[in-house]
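Protein chains: 6
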Amino acid sequence: MESVTQTDRMEWLAKAGVLAEALPFMRRYSGHPVVVKFGGHAMGEEGYIRRFAQDMVLLRQVGAKPVVVHGGGPQIGAMLDKLNIQSDFINGLRVTDADTITVVEMVLSGAINKSLVSAINDAGAKAVGISGKDADLIRAKRLKSDVDLGFVGEPTMVDTSVINALIAAELIPVIAPLARGKDGETLNINADTVSGAISASMQATRLLLLSDVPGIMDKHGQVIPEVSVSMAKQLITDGTISGGMIPKVETCIEAVEGGAEAAVILDGREAHAVLVELFTEHGIGTIITKDDK
Amino acid sequence: MESVTQTDRMEWLAKAGVLAEALPFMRRYSGHPVVVKFGGHAMGEEGYIRRFAQDMVLLRQVGAKPVVVHGGGPQIGAMLDKLNIQSDFINGLRVTDADTITVVEMVLSGAINKSLVSAINDAGAKAVGISGKDADLIRAKRLKSDVDLGFVGEPTMVDTSVINALIAAELIPVIAPLARGKDGETLNINADTVSGAISASMQATRLLLLSDVPGIMDKHGQVIPEVSVSMAKQLITDGTISGGMIPKVETCIEAVEGGAEAAVILDGREAHAVLVELFTEHGIGTIITKDDK
Amino acid sequence: MESVTQTDRMEWLAKAGVLAEALPFMRRYSGHPVVVKFGGHAMGEEGYIRRFAQDMVLLRQVGAKPVVVHGGGPQIGAMLDKLNIQSDFINGLRVTDADTITVVEMVLSGAINKSLVSAINDAGAKAVGISGKDADLIRAKRLKSDVDLGFVGEPTMVDTSVINALIAAELIPVIAPLARGKDGETLNINADTVSGAISASMQATRLLLLSDVPGIMDKHGQVIPEVSVSMAKQLITDGTISGGMIPKVETCIEAVEGGAEAAVILDGREAHAVLVELFTEHGIGTIITKDDK
Amino acid sequence: MESVTQTDRMEWLAKAGVLAEALPFMRRYSGHPVVVKFGGHAMGEEGYIRRFAQDMVLLRQVGAKPVVVHGGGPQIGAMLDKLNIQSDFINGLRVTDADTITVVEMVLSGAINKSLVSAINDAGAKAVGISGKDADLIRAKRLKSDVDLGFVGEPTMVDTSVINALIAAELIPVIAPLARGKDGETLNINADTVSGAISASMQATRLLLLSDVPGIMDKHGQVIPEVSVSMAKQLITDGTISGGMIPKVETCIEAVEGGAEAAVILDGREAHAVLVELFTEHGIGTIITKDDK
Amino acid sequence: MESVTQTDRMEWLAKAGVLAEALPFMRRYSGHPVVVKFGGHAMGEEGYIRRFAQDMVLLRQVGAKPVVVHGGGPQIGAMLDKLNIQSDFINGLRVTDADTITVVEMVLSGAINKSLVSAINDAGAKAVGISGKDADLIRAKRLKSDVDLGFVGEPTMVDTSVINALIAAELIPVIAPLARGKDGETLNINADTVSGAISASMQATRLLLLSDVPGIMDKHGQVIPEVSVSMAKQLITDGTISGGMIPKVETCIEAVEGGAEAAVILDGREAHAVLVELFTEHGIGTIITKDDK
Amino acid sequence: MESVTQTDRMEWLAKAGVLAEALPFMRRYSGHPVVVKFGGHAMGEEGYIRRFAQDMVLLRQVGAKPVVVHGGGPQIGAMLDKLNIQSDFINGLRVTDADTITVVEMVLSGAINKSLVSAINDAGAKAVGISGKDADLIRAKRLKSDVDLGFVGEPTMVDTSVINALIAAELIPVIAPLARGKDGETLNINADTVSGAISASMQATRLLLLSDVPGIMDKHGQVIPEVSVSMAKQLITDGTISGGMIPKVETCIEAVEGGAEAAVILDGREAHAVLVELFTEHGIGTIITKDDK
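Protein chains in written order, with the working numbering: chain A, 257 to 549; chain B, 257 to 549; chain C, 257 to 549; chain D, 257 to 549; chain E, 257 to 549; chain F, 257 to 549.
Simulated from the structure, these hints should not be mistaken for lab results.
In silico EDC-like pairs for lysine to aspartate or glutamate, Cα to Cα no more than 20 angstroms straight-line:
| # | chain 1 | residue 1 | chain 2 | residue 2 |
| --- | --- | --- | --- | --- |
| 1 | B | Lys438 | B | Glu410 |
| 2 | E | Lys338 | D | Asp355 |
| 3 | F | Lys338 | A | Asp355 |
Coverage of chain E stretches by chain F, computed from C-beta distances (three or more under 8 angstroms per stretch; other residues unrestricted):
| # | region |
| --- | --- |
| 4 | 267-279 |
| 5 | 303-312 |
| 6 | 315-329 |
Even glycine gets a Cβ: it sits at the ideal position worked out from N, Cα and C.
Turn these sequences into a full structure, and let the hints steer you where they fit.
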C-alpha cells in the first residue's frame, strides 16, 4: 500500500482535463477515414516512428479510421548505393529503370512497409502492410513528363475495397506507393500522390501530409494556419508557394476537390504531430479547406 | 490568417503527449462495460455534473461501455420537505411509506434521471434514462431489517438485456435505483447496491462508486490505493473501515465476487475523477480487486 | 381428468371464430408503427390502464409496432395542489413557470410514465419509459402565444432513432411529453401534439388519440365514423367541430398530412378500445383519412 | 357517413375481449414451432380446409411457426380406383406396389399438397409445398412388417434445415409424407409418423394431430382432456385405448419422448379446431404431456 | 501402396488443363442466376437426367445460381391415356379441361418435379421442388386464343422472392409450370414461357432452353451459333425460323428484352449440354443476344 | 455466323465430361481451407507461376479457401550476391546475420510476394500479400540449433485472424515466411514450416507442399501415393526417407497431427499440379494422412 501526494493528484487532474478537452475533437473524427502520409524524412529517427505509431493506434481507439501511406526516398537511395545502381533525379522525381524499380519495390514493400507495421503492432493495434498492387488497389499509367522517367506512374483507378475490408476487420492499412501498370509492369508513384488519390476516393475527413516542413510559409517565414483551395491556388500563382511545396499543395487541392474534407501539411518530426493537429484547439501545420467552408 | 507562438506550440505538444500516455489505458477498457454510480452528494454542483457527463461521453468515445446509476438522497429530502412529508432514517436508510415512495420515484426517475441524461446529451453522446422498472431490469423484494423500512428493497433478479440493447444502439443507459417488488409495488433500492448488482450481472471491467469521500482511509487518514477483497474484509473486521464506508465496501466486495473485475471508491467531486481513475497511471481512490489478481 | 360440456365447446368455437375474423386486420397492421396517445382522463381507473396495457401487448404480439405517448393533466394538477403551487390555464394550456415545470416533469416522467410501463410489463411485454429528452428524441421551442405560457413548447425536430432502437430490441416505447428547449430548458408539450409529430415522423399506419370523448360528433350528437382531411377542415370551418375538439382534429390533420396513414379519435374509457378500433370490422371513434384514400 | 348502434358497439367490445383473453396463449406459442398434421378425412369439405388455412395464417401472424404435414388416404383411394389399380390394406396400411407408389406420390405431392398451399395463400400467408424428398428432408427405409407392404417406409433420418430456411423466409412449409429410400426408391410414410418425427426433430412446442376423432375416450365415451406419457402407455395396456387410436397415441408418445413439449389428438372437423386448442382456456382434444410436467 | 504410370499422369494433366481453361467461364457466371428449362423430351432417358442433374450441381458449385424449370408433355400424355382421358391439341397446345388439369398438375408437381429433385440431390446438392402456385410465385390468366384451351394460362405476375429465399439457403429451386389463376383455378403454362418469364424477372445471365433440337437452323440445315434479337425477328419474318421453333425463339426474345442477358436454344440430349454451353470456348446451340451487345 | 464441326462438338463434350468428373472433388473441398506452399524452385519459370495462379483462382471459384505461403531461396541468394553479402548454409538452413535478414525480408515481402499477388490478380481473383509480421500473424523465437543461425526462427504462436478476415472479404492471402521475434527482431522461417503451422492452426483440409520433387520415393525410385503418419515415421526411421525430404515429411506430420486433414508433397513444376492433385481421381504426389483414416 502506497499513498499519493497532493502534487501527484494535481498532475493527474490536469491530465484528465486535457483528455476532456480533446473530446469534441475525437467526436468530430469518429467514424471517418483519416489518411496519413508518413514521409521518408519524417521516418528518420526511431522515436518519430514510435510516436507516429502511437498516434495511429490512438486515432483508431477513439473511433477514427486511420489509413497510412508511406514514402521511402532516403532508404531507397541508400539501398541503390549499396547495389551500385546509379539513378538521376529530374524535377525531384527519380528516373527509374528496370533495375531501380526492383529495388524501389523491395525497399518500400519489403523493408519500410513492414517496419511501420511492426511499430503500429507494438503500439497496440493490428496493422497490415500492403502495396497498391494488392487486390488491385491502384492501377496506374506511366507519368507523362518531358523526359522519360521510366517506371514512375500516376494513378488511373483506385479501388479501396481492400482498405475497407481491412478497416472492417479492425485492422490499420499501411500502404506502399506502388501500382500495377500496363501489361503488369510495376510502377512507383509519389507517396503524396497516392495518399491524395486514396483520400479523394474514400472521401476522407482529413488528409495529413507529414513531411519535414512545418507547413505553407507566408512571405515573412511564418506558417499560414489555414488557406482555402482558391487561396492556395492564388499563393502558387503569386509565388508565395514555390519549389517542392508546389506539388504538395497541388496534391492537397486535388484531394479536397476530389472529395476529402480538408488536407493538412505538417511537420512529422514534431512529437505526436497528428494528435496535436487533430485533437487540440489549434492545428500545427497548414490546413487546406474547401472554398465554401 | 493568424500565426502561432512557440509557447502555444509547446503547450499543444504537451497535450498530445498526455493523450498518447492515455492510450494503453483506453485500450484496456475498450469494449468492456464500466458501471459508474454517481451519488447524490457528488451531484451537488452544476460543474460536477457537467464534467461527469463529459467523462461518460469520453469513456464511450474511446470504446468503453459506460452504464450510469445515480442516487438522489439530498434532492429527495428537499422535495419531501416541500410536501411536508416527514421521513425517518434508520441505519442510514430512509423509512419509506407509500407517500414517500411516490415522491422518491418522481424525484429519481422524473427529475434527477432526466437532468443527468440532458447533461450527457449536451456533452455530445445520446443518453437514455430508465429505472429498474423499465423492461423488468430489476426485480426486488423488501429489504430485511429489524425495523420495517417500508418500500425499500434489495434486488432479487437483474436482467440487463435492456441495458445491452441500449448499448448496442450506441446509447448510454442512465439508471434510477427503483424496482418492481411483489404484487407490483415500487421499491427504492440503494444506488450503490444497484450499481454493484448490475456490475456483477454484466461482468463489468470496473465498478466506480463516486461519492463524497476520497476512498478507504488507513489509520493515519491516508487513502489506501488498493486492497484485495480478502484484505478489505480484514479491514472491516479490524475496524479500519467503519460507519457509512462499510456498506460501500461490502457492495464493492459483492460486485467483485459476483464477476466484476474490480471496484473503485473515489471522490466524485474531483474534476474528471473518472478519467483520472481510468486513464492515468495511478488512480485516485481505493481499488478493490480480486484476491488472485 | 375432467371432461367438457357441449356448452363449453360451443363457446370456445365462437371465440375461435372471433380470432379468425380478426386475422385480416392483424395482417393489415403487421410490421407497421401504431402510435397511441393515452390521455390523462382515460387513465382515471385502474381497469382502464390494465386493459390498455393488454391491448398494447396484443398489438405487438400480432406484429404491429405500438408506440405509446401519455399525458397526465389531472395527476399534475393534484401534485401541484399538494405543493401549493398555483397555476393558471389559458386556452386549455397551463401557464408553466419554473417551479411548475419541475413538478410537471416529475409527475410525467417519474410517476405516470413508470406506472404505464409497469402495467405493460405486467401484461406480458417489456416496455421502456422515456421522455422526449432522452437521446434527444424531441427538440422544442417555446410555444408562440398571445400570453406568456412559460415552459410550454412545440416540437422543432423529432429524431425517432431511439424509438426505432427500442422497437428493434422488441421493447415497447412509452413516451412522456417533455422536450429539451433552447439552452437546455425543459419544456412541456401537449401529449396529442407529441403523438402527432411522432406519427408523422415514423409514417405511422395509425395514430390513435385515446381521450374521454367518443369521436367527432355531427350536429345531431352522433359520432361521425370517418372524415377525410379536407372534410375535417370544412367541419372546423362550419363550426361542427368546436372547442377542445379543434386542436385534437388539427393534430390528426397534421399527422396525416405529415405522412401517417390515418388518425383516429376515440374514447379510451371503452374496454379494449384499441382492439375494437383496429381488429374488428367497424371502428368505434372517428377516423381521419387522406383525401385521396 | 353512417353511425353505429349500441348493440353493434357491445358486440365489438365483446370481440375485443376475446382477443384480449387470447393474449397469454399467443405469447406462450410465440417463436416456437407448432407441427400440425392435417388428415385426409379432415380435408373432406371445402369449409374445413378454408378454416384450417386461416388457422395456420393466424398462428404465424401471432408469432408461432406453423409446419403442416398432410395425409391423403381417401383421395389416393379415389385415384387408384380411377386407374383400376387395386390395393390391399393390412393393419390399416396400404400394400403399395410400384404402380401404387407412383399414384400415391402424384396425389400427395401433386394434388393435395398444392391445394393446401393454395388455401393458405388465399388466407393471406405464403405457403410452400414440399415433400420429404425435397432437400433430403426425410430419409427412410422400408417399414418392417410381417407381410411385405412394398413401398411403405419409416423415417431413418430427418434434416429439417429446409423447413428452417422456409420459416426464416416467413413462409409456411406444407409437407407431403414421402421420402427417399435406399437406392433412390420413393417410400410413402404414414403422415402421423412424419409429423411426429418432425415434431421431435424441431423440439416443437406442440404436435397437433387433426383427424376425425375428438380425442382419447375413457370407458364412458368421454374425451379425456389430458394424459401424461406414462398414463397413456397404461391406457394402451389396459385396453382403454384400442384399434386405430393406438398408433396415433404411440406417435404422440414418441414425439414427446423425442423432444416435443406436448402432443394433442383432436377433431379437425371442428371449426377452427387449432385456434380453440391453442388460444382458449381449455383445449378440445386430448393432450399428451411429459411425465414430469 | 500403388504407383502410377506415365500415361495416367499425362491424362490427369490434360484433365487439369481442361479445368483451368474453364476458369474464365466459371468466373463469368459466378453470382448470377442461370435459368434452365429442361424439357419433356430431353428427360426421355435416365442418363440424360443424371447428367443434367450433375450439371446443375456443378453450376452451383462454381458459384452460379441455377434455377430449373421443367416440362412434362410426354409423361402427361401417358397418364391421361391410362386414365382414358382424351385430350386434343390445337397449335401444339393441349386443350385442358377440369379433369385434365388435375392430371397435369399431379404429373408435373407430383411425379416429374420430384424425380428431378431426387436426381439433383443424388448428384450432391440440395434441390427443392415447387410449382408456380407455391408462395404465389406465378399468377396467371387464361391464355387468349381463338379456341377455348381451358385451363391453359399465361403469366400475369412473377414474384421470385421464394426462389431467392431458396437460393439464399443454398438450395436449387426446381419449378413445375403451374400457376394460380382467377378465383383460385389452377392453370398450366408452357414451361418455355415460365422459364422466360422467370429469366426476365430475375435478370438472369442466361436462359437455357434444353429441348430436342440442336438450335436454330439456317437454310442449309446448319445450326446458327448466335443471333441478335433483331436478327432473330428477321429470321422469323423471312421464314427461316418456322413451326415449333417460333414460340421457342419468341420466348428467348421476350426474356432478353425483359432483362435476361442472353438466351440459348440447345439440345438437352447431348451429354452435359449445359456445361459445354457455359464452360467451353464455343457453345453448342444458338444464343440469342441483345442487339447492342 | 459460323458453324461448328462434329469434331469440335466431340471435343467440347469431352471437356464437359472432365468438368462433371471433377464435381465430387470440388464438393469435397468446398468451404474448407487449402494451404499451398509454393516453393522457390517451383517458381523458376514464368509459366509455372501463371498456371499456379490460375489454380489458386480456380480453387477459390469452386468454393475452397486457398491460402498461399511462398519461399524464395534462389531469389534471396541472387540478391545477396548482388550486394556482396556472403552467407553460409548449415544443414540446409542459411546462417542469417543482420544484413542478411534485411535482404531476406526485402526479397520475400517486397519482390516475390508481390509478383505472386500480381500473377493471381491477373488470373482473375484478388490476392493480398502479407508477411507473418502483419497483424501479428506469426510470433516466433530463434530456431534452436547446435550452431548460431542468427535471425532464423520457428513459430511460437499463430493467430490466423487476419487470414480469416481476408478470406471473408473474398481475397486470397499470400504469405511471406517472416515473423516478429523477441524485442521486435525480424526472423525468417522456413516456408514449409510456416505453411504447416498455418495448416494446423486453420484445421486445413489439405496442406500442399509444392516443390521440385515428385513425392516420397520408395526404394525402387517410385513415388509412393499415400502413407499414414505412422508409416511416414517408420520410413524416416528405416532410411527410405532421407536428406532434404526428412524436414518436408516432418512438416507434413506436424500439420496432420496438429489438425490438418492431410498433407501432400508434390512437384510444383507439373502443369496445374494443384488441380491434378485435388480434382482428379488419383493425386500425383504423396499424401500423408491421419492414422485412423
